[in-house]
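Enquirer: Protein chains in written order, with this note's numbering: chain G, 1 to 113; chain R, 1 to 111.
Any given hint could be a false lead.
Claimed, not checked - Here are the computed lysine-lysine pairs in the BS3-like style, where the Cα-Cα straight-line distance is at most 30 angstroms:
1. G:K70 / G:K53
2. R:K98 / G:K3
3. R:K110 / G:K55
4. G:K57 / R:K98
5. G:K13 / R:K69
6. R:K98 / G:K71
7. G:K57 / G:K71
8. G:K55 / R:K54
9. G:K53 / R:K52
10. G:K13 / G:K70
11. G:K3 / R:K69
12. G:K57 / R:K110
13. R:K52 / G:K18
14. G:K18 / G:K57
15. R:K98 / G:K70
Keep in mind the hints are simulated off the structure, nothing from the lab.
Listed below, chain by chain, are the residues.
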Amino acid sequence: DVKVTQSSRYLVKRTGEKVFLECVQDMDHENMFWYRQDPGLGLRLIYFSYDVKMKEKGDIPEGYSVSREKKERFSLILESASTNQTSMYLCASMMDRASYEQYFGPGTRLTVT
Amino acid sequence: LAKTTQPISMDSYEGQEVNITCSHNNIATNDYITWYQQFPSQGPRFIIQGYKTKVTNEVASLFIPADRKSSTLSLPRVSLSDTAVYYCLVVRNTGGFKTIFGAGTRLFVKA
């Protein structure tokens with residue numbers, strides 16, 4: 001079974017802090033994604049990566065950056081956390097461009113106070 | 001990328017077949033349709049994907065008409081454990097990756 005793990009289930013940070021969310025997948029998948037999920041809005045794509053050191057913006061990249069130095073690890077960075085970034089953050093991986101099946105992690109609920 | 005529209009919620013009883021329809025009027029030629037299931041406090045889980053006609057796996061069936069402007073997820077003989085939110089997605093995986101999750105359909109299965 002594919003396993004996607006996220007570094008924290010719950011995180012509380014203060015406004016202005018730099019926040020790192022880590023995601024690791026164990027199936028050698030090429031593609032990795034970061035989403036945020038908010039009530040009534042479904043999931044929205046922040047960034048994705050289709051290879052090491054490669055990244056593309058999703059629909060809502062503002063205020064976020066990402067890093068993918070190793071194939072199995074994809075990090076989401078909030079450079080200066082703000083209260084409107086309080087959300088559930090979900091990481092996913094997908095085997096390759098011919099596949100449409102994403103495997104999701106359990107999510108990190110981030111609260112920015 | 002085509003926006004998806006699906007009912008906000010549905011109720012059913014154990015043992016019934018449930019059909020959830022999603023509209024995606026502006027779907028493009030290269031776009032695929034996928035469905036996910038999400039339980040509280042978990043990430044979404046892939047159910048099924050399709051391009052046209054009918055696809056069936058051990059969990060569900062997906063019906064897509066010829067014009068591809070809608071799709072219907074069919075869950076046979078639901079049980080209480082099928083209570084979840086179901087998301088319809090249109091996915092484009094050419095010339096960059098694009099996907100839009102809608103707000104989902106909250107299915108409540110009653111005994």
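Enquirer: Could you run down the list of hints and mark each one as holding or not?
Expert: Tested hints:
1. For a cut-off of 30 angstroms, the pair hint linking K70 (chain G) to K53 (chain G) stands: about 8 angstroms separates their Cα positions.
2. With a CA separation close to 23 angstroms, the supplied pair K98 (chain R) and K3 (chain G) stays within the 30 angstroms bound.
3. For the given pair, K110 (chain R) sits about 44 angstroms from K55 (chain G) by alpha-carbon distance, which is inconsistent with the 30 angstroms threshold.
4. Restraint check: the Cα-Cα separation between K57 (chain G) and K98 (chain R) comes to about 10 angstroms, which is no more than 30 angstroms; the hinted pair holds.
5. For the suggested pair K13 (chain G) and K69 (chain R), the alpha carbons sit about 43 angstroms apart, so the restraint of at most 30 angstroms is broken.
6. With a CA separation close to 21 angstroms, the supplied pair K98 (chain R) and K71 (chain G) stays within the 30 angstroms bound.
7. Of the pairs offered as hints, the one joining K57 (chain G) and K71 (chain G) holds, with about 18 angstroms between alpha carbons and a cut-off of 30 angstroms not exceeded.
8. Distance check on the hinted pair: K55 (chain G) and K54 (chain R) sit about 34 angstroms apart at the alpha-carbon level, beyond 30 angstroms; violated.
9. For a cut-off of 30 angstroms, the pair hint linking K53 (chain G) to K52 (chain R) is broken: about 35 angstroms separates their Cα positions.
10. Distance restraint check for K13 (chain G) and K70 (chain G): the Cα-Cα separation of roughly 26 angstroms lies within the 30 angstroms cut-off, and the hinted pair is therefore satisfied.
11. With a C-alpha separation of about 34 angstroms, the suggested pair K3 (chain G) and K69 (chain R) falls outside the 30 angstroms cut-off, and the hint is violated.
12. The suggested pairing of K57 (chain G) with K110 (chain R) is violated, with an alpha-carbon distance near 41 angstroms, which exceeds 30 angstroms.
13. Annotation: proposed proximity of K52 (chain R) to K18 (chain G) is violated, straight-line Cα distance about 45 angstroms (limit 30 angstroms).
14. Distance check on the hinted pair: K18 (chain G) and K57 (chain G) sit about 20 angstroms apart at the alpha-carbon level, within 30 angstroms; holds.
15. With a C-alpha separation of about 23 angstroms, the suggested pairing of K98 (chain R) with K70 (chain G) holds against the 30 angstroms cut-off.
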